[in-house]
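Participant: Go by the hints and put chain R onto chain D.
Residue numbers (my numbering), protein chains in the order written: chain D, 1 to 749; chain R, 1 to 180.
The hints are simulated quantities; they were obtained by calculation from the structure and are not laboratory data. Possibly wrong hints are sitting among the right ones.
[What the hints assert, rightly or not] Chain D is nowhere near these chain R residues, computed Cβ spacing over 10 angstroms in every case: (1) Glu44; (2) Leu46; (3) Thr49; (4) Lys52; (5) Gly78; (6) Tyr93; (7) Lys105; (8) Val110; (9) Gly127; (10) Leu129; (11) Asn136; (12) Glu156; (13) Lys178.
[Claimed, not checked] The calculated lysine-lysine pairs, modelled on DSBU-like cross-linking and capped at a C-alpha distance of 35 angstroms, are: (14) Lys40/R x Lys336/D; (15) Lys228/D x Lys176/R; (16) Lys67/D x Lys150/R; (17) Lys40/R x Lys676/D; (18) Lys701/D x Lys40/R; (19) Lys659/D x Lys150/R; (20) Lys114/R x Lys142/R.
[Said to hold, decoys possible] Not the full set, but computed from the structure, chain R residues with beta-carbon under 10 angstroms of chain D: (21) Leu123; (22) Ala131; (23) Cys168.
The model shown is predicted, which means the values in this text are computed figures rather than measured ones. We put the beta carbon where it would ideally sit given N, CA and C, even for glycine.
Take a look at the letters that make up each chain.
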Amino acid sequence: MKLSRRDFLKSAAAAATIMAAGCTPRGKRRDEVQTVQDIEEVDRWEKGVCRFCGTGCGAMVGVKDGKVVAVKGSEDNPVNEGLFCVKGSLLPAYLYGEDRLTKPLIRRDGELQEAEWDEAMDLIANKFEEIIDEHGADALGFYGSGQCNASEAYAYNKLYKGAIGTNNVEGNPRTCMASAVGGYVTTFGKDEPMGIYADFEEADVFFIIGSNTAEAHPVLFNRIVKHKRENPDVKVIVADPRLTRTGEIADYYLTFKPGNDLALMNSMAYVIINEGLTDEQFIEDHTNFNSDGEDMSYEEFKEFIADYAPEDVADLVGIEAEEIYEVARLFADPDKETTSLWCMGINQRVRGVWANNLIHNLHLLTGKICRPGSTPFSLTGQPSACGSIREVGALSHLLPAHRVVDNEQHRQEIAEIWGIDPDRIQPEPGLHTISLFDATYTGDIKALFVMCTNPGHTLPNLQRYREGMERTFLIVSDIYPNRTTELADVVLPAATWVEKEGIYGNAERRTQHIAKAIDPPGEAKPDLEIVVDLAHRLGYQDLFPYEGPADVWAEYRQTTLGTGMDLAPYERYKQEHGLLWPVVDGQETKRRFVADYDPYVEEGVDFYGHPDGRAIIFARPHTPPEEPPTEEYPYTLTTGRVVEHWHTSTMTGRIPQLKRAFPEHYVEVNPEDAEKLGVNEGDMLKIISRRGEITLPTKIKGRAEPRPGLLFVPMHDEEKLINFVTIDAYDPGSKQPEYKLCAVRVEKA
Amino acid sequence: MTEEKITRRGVFKKLSNGFTSAFASYLEEKTKKIFFRPPKSIEEELLLTSCKRCGGCIEACPHNLLTTAEAKTGVYYGTPILELDDNYCRLCYSCVDACSTGVLKAEAEVNLGKAKLIKDRCLAYQGGLCAQCYYNCPQQDKALVLNSGKPSLNSEDCLGCGSCSYFCPQAPTAIKVKLI
Chain D
1 MKLSRRDFLK
11 SAAAAATIMA
21 AGCTPRGKRR
31 DEVQTVQDIE
41 EVDRWEKGVC
51 RFCGTGCGAM
61 VGVKDGKVVA
71 VKGSEDNPVN
81 EGLFCVKGSL
91 LPAYLYGEDR
101 LTKPLIRRDG
111 ELQEAEWDEA
121 MDLIANKFEE
131 IIDEHGADAL
141 GFYGSGQCNA
151 SEAYAYNKLY
161 KGAIGTNNVE
171 GNPRTCMASA
181 VGGYVTTFGK
191 DEPMGIYADF
201 EEADVFFIIG
211 SNTAEAHPVL
221 FNRIVKHKRE
231 NPDVKVIVAD
241 PRLTRTGEIA
251 DYYLTFKPGN
261 DLALMNSMAY
271 VIINEGLTDE
281 QFIEDHTNFN
291 SDGEDMSYEE
301 FKEFIADYAP
311 EDVADLVGIE
321 AEEIYEVARL
331 FADPDKETTS
341 LWCMGINQRV
351 RGVWANNLIH
361 NLHLLTGKIC
371 RPGSTPFSLT
381 GQPSACGSIR
391 EVGALSHLLP
401 AHRVVDNEQH
411 RQEIAEIWGI
421 DPDRIQPEPG
431 LHTISLFDAT
441 YTGDIKALFV
451 MCTNPGHTLP
461 NLQRYREGME
471 RTFLIVSDIY
481 PNRTTELADV
491 VLPAATWVEK
501 EGIYGNAERR
511 TQHIAKAIDP
521 PGEAKPDLEI
531 VVDLAHRLGY
541 QDLFPYEGPA
551 DVWAEYRQTT
561 LGTGMDLAPY
571 ERYKQEHGLL
581 WPVVDGQETK
591 RRFVADYDPY
601 VEEGVDFYGH
611 PDGRAIIFAR
621 PHTPPEEPPT
631 EEYPYTLTTG
641 RVVEHWHTST
651 MTGRIPQLKR
661 AFPEHYVEVN
671 PEDAEKLGVN
681 EGDMLKIISR
691 RGEITLPTKI
701 KGRAEPRPGL
711 LFVPMHDEEK
721 LINFVTIDAY
731 DPGSKQPEYK
741 LCAVRVEKA
Chain R
1 MTEEKITRRG
11 VFKKLSNGFT
21 SAFASYLEEK
31 TKKIFFRPPK
41 SIEEELLLTS
51 CKRCGGCIEA
61 CPHNLLTTAE
71 AKTGVYYGTP
81 ILELDDNYCR
91 LCYSCVDACS
101 TGVLKAEAEV
111 NLGKAKLIKD
121 RCLAYQGGLC
131 AQCYYNCPQQ
141 DKALVLNSGK
151 PSLNSEDCLG
161 CGSCSYFCPQ
171 APTAIKVKLI
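One chain only, chain R, in its complex shape:
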């Protein structure tokens, strides 16, 4: 996934199309979701405006999966980031319980991202008997189903917790959570 890099020139170019639309588009770009967020987060734009940056959720995570966006990240600075690269979210919601601002709220949907399967790396598609992703999926038989021993994904039920990716024995992993 490549992203458009926001440059000074780009902003000026957009300015020439009309200041208002350019500013809106600039704002949209500026508040785009570029990090995995804790489970049950509200919309990114609202999160950026409502999060007190208190670090409560970060301290609450029993698995040390949450970290803070650094100062260099501008508007994101201080907000919680969920790091899924070498781990997965247990969906314990300790972070949600710790949130005092309603940025993480119990009623919100879990929508961390969506898993994507790369079949030609998957052991099961190469004659191996592996179903580690399936057996470790909290949405087993919904988000991840096994057909004749081979896993396949139903995106709408995927919570994006990353456990499939974490437990995948392939190097590099054959299943990966993408931001949406």
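Same shape as in the complex, but just chain D:
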């Protein structure tokens, strides 16, 4: 290569600048990561699903010389039809971070040191046996993940609940969608949405509340944007105390006062009833009314809702009464189909289940449900929170296929398939997430197995639970060192994504297969092998005869048949781009609870989750957050996502382009508040709650703007953990913590 004088000067100058900036040259870093343009060079393509959010985009994974070198959206997958968001497009790099865990580690003299698999697994098995002998099975706990494959979750659920004999099996979906489960189960008697993504293209009105769809679910947001662009009459209502990118397509943006969404939705119901916008026939035929567990009449419900006239709640909600009238009328317009979408803003609340009920109420009162374009659709954050946790039943109160532990018949049905005595399954729910980690602190949980998730970063009021994790015997199976492995006694190197075969289930009941494309690095192993190995070492060979995920699936599928959550044989998922359950007589189900779609319904609409086939409209009074702002703590803190990162950024943080695109976390401040506080862009601001504090640079002109009084901090940063500040109060029904709201004060640092 001949260097011209200019090239030389440029490179010299570049070297100087780069050295000054303390980073490596961009060209070199970029060359390490191949993206879409290298597609012609791959040896083969394997079918999979994106590793990130709950959308479940079909992914085609390009392999060359045993390495994943490219990934692209799968064109014949109905979820994304070839589309992929920026995170998905950059997936390959996450597999190849320099600090990938490839050997088991055991803590010796305070340090994690390399060990052999046999040594690590024997240590765990012996410890478990010791603890069971001394303290009983309930001194053990498991914390899994909505990123585990279905077979992995099924196996660990069975190991703990069916073999070891404790229901202390939890997972991160408790912190993410337990309130959505509670909402569907209380209102309809069955978990998970009745609608699908294809309803978006049939909708005339979108009601999006507590979801920054544009950043958290970019592909789904794009479907809405495209639909609206092609149909200019489509209207979008967004309700969020923070003006986000999702607002770019909003016709109505309700920046309500944080924590007052229950009043807002009750007020919408008031307008709908008061202005005669209800579907009386639908209410008559398909609903019951209920207040606090007691049946009530429609007339009594009207009396309850009379307290929520827009004029009476406008001050509380912090928006104009007229805005509530407008959006309620639009929602209920009898000539329009309305789809509601929500996510953590609704679920992560001390009354998250109630907030979910109130969304369902709006659809039931207007009859806008169970038909194309009208559906209350809960968005999910993890690729298989539905497929591996809700459906597999891997939470402390659940059993497979939406069964519950405190139902004798359910226990018997599962015991029969598991090949155990029904009495081996405890009849009481185990510890839920917050109480499980609290028990590590108090010493009641002696050993905790954490798989494919990072509670040392993600639990609210983190200080106490990190201390708990240090006290207990902690086993972590993961792919990179993270804020949980640093607390662990044993770290197991796991295989991830296309390094193993598996099944994910997305937010729309679509079950999809991920083919194994490459071998895991070093000694890393699939989590299924780890669980089965542990089961064998504990003496449960007969209960865990599986050779691989297909064997587990065959057994798991038995638990689903005839339940309304029927799954298909494993082979079909390998061939097809996912199937929507229930799959009955080989046919998938696009819409539940309605004849002609749902094989469990003979005529019309039938909410068969409740014995009388009726859904319940709940009278749920407005309830403020656990910690409303006070004089001493005058601001409300909320946390959330940015498009560049995912969860605790253990994966996205190893993708150079994403790391550089969003290198530093910050606190978003409303310009009015910034002026009041006397802070400018970039000034350091200390955020202090009753539990902890954090110092972050101020962002005033960022990608979003919180309403005055509200602060927003992204949740991904591995160094500065915002969860030292957040609150661990939880919903008494769903046990999901109220991450979204806590009171803080701020100081210029």
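Facilitator: Showing chain R alone in chain D's frame:
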């Protein structure tokens, strides 16, 4: 972009066309803008004559983006260079505030360069949902607009700060600032 290399022979050749014009052309060549300059710089020729080479702007840059042209660069020696290869200018104008000679002055226009989009490398033109350049552009909806999710540029509004290029996830980048 290739440049004519100034050689002794070239200068002599031009001499034969008439000394004056050759000298003017030589001077023009010699003072051509070949480096990115700090924002709000005056014209290159004036910069070369007026800059005291004090390094004030270089020290002032909070992001260490400015460096000095080396001695080998002749007339450019000591003048500030803005390095956009692995970074982008935040347009904070700390350098402008630090300039005592008026080479960087508040009234001057920001004209670092112009971004150029290479569509067949751009994710958005290949079915990806990426708008990193758009969302990070300080002239959003002016210099960079999104049409059906695909970015396009309006050169006249582009300041040349390089943030589009910096945030582009493609390897190599699908959008690049060129000197003008």
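Participant: A separate judgement is required for each hint: does it hold in the structure or not?
Facilitator: Results of checking the hints against the structure:
Its beta-carbon lying about 15 angstroms from the closest one in chain D, Glu44/R satisfies the requirement of being farther than 10 angstroms from that chain. Every Cβ of chain D is farther than 10 angstroms from the Cβ of Leu46/R; the closest lies at roughly 21 angstroms, confirming the non-interface assignment. Taking the minimum C-beta to C-beta distance to chain D, about 20 angstroms, the non-interface status of Thr49/R holds against the 10 angstroms cut. The non-interface label for Lys52/R is consistent with chain D: the shortest C-beta to C-beta separation is roughly 20 angstroms, beyond 10 angstroms.
Listed as a non-interface residue, Gly78/R keeps its Cβ farther than 10 angstroms from every Cβ of chain D; the least gap is roughly 13 angstroms. With a cut of 10 angstroms on Cβ distances, Tyr93/R stays outside the contact zone with chain D, its closest approach being about 13 angstroms. The Cβ of Lys105/R sits about 23 angstroms from the closest Cβ of chain D, beyond the 10 angstroms cut-off, so the non-interface label holds. Interface exclusion of Val110/R from chain D stands, the closest Cβ pair being 17 angstroms apart, more than 10 angstroms.
Non-interface call for Gly127/R relative to chain D: violated, since the shortest CB-CB distance, roughly 5 angstroms, does not exceed 10 angstroms. With 10 angstroms as the threshold on Cβ separation, the claim that Leu129/R sits away from chain D is violated: the shortest Cβ distance comes to roughly 4 angstroms. For Asn136/R, the condition that its CB be more than 10 angstroms from all CB atoms of chain D is violated, with the nearest at approximately 8 angstroms. At the 10 angstroms boundary, the C-beta of Glu156/R stays outside the reach of chain D, the nearest C-beta of that chain being 23 angstroms off.
Every C-beta of chain D lies more than 10 angstroms from that of Lys178/R, the closest at about 13 angstroms, which supports listing it as non-interface. Only pairs whose Cα atoms come within 35 angstroms are accepted, and Lys40/R paired with Lys336/D is rejected, the gap being roughly 54 angstroms. About 32 angstroms separates the Cα atoms of Lys228/D and Lys176/R, which keeps this hinted pair within 35 angstroms; it holds. For the hint pairing Lys67/D with Lys150/R, the CA-to-CA distance comes to about 30 angstroms; that is within 35 angstroms, so the pair holds.
Proposed proximity of Lys40/R and Lys676/D is supported: the alpha carbons are some 32 angstroms apart, at most 35 angstroms. Straight-line distance between C-alpha atoms of Lys701/D and Lys40/R comes to about 22 angstroms, which keeps the hinted pair within the 35 angstroms bound. With a C-alpha separation of about 23 angstroms, the suggested pairing of Lys659/D with Lys150/R holds against the 35 angstroms cut-off. Simply put, Lys114/R and Lys142/R have alpha-carbon atoms about 13 angstroms apart, close enough for the 35 angstroms limit, and the pair holds.
Hint on Leu123/R holds. Least Cβ distance to chain D is approximately 6 angstroms, under the 10 angstroms limit. Hint on Ala131/R holds. Least Cβ distance to chain D is approximately 8 angstroms, under the 10 angstroms limit. Taken as an interface hint, Cys168/R checks out: its beta carbon lies about 8 angstroms from the nearest beta carbon of chain D, inside 10 angstroms.
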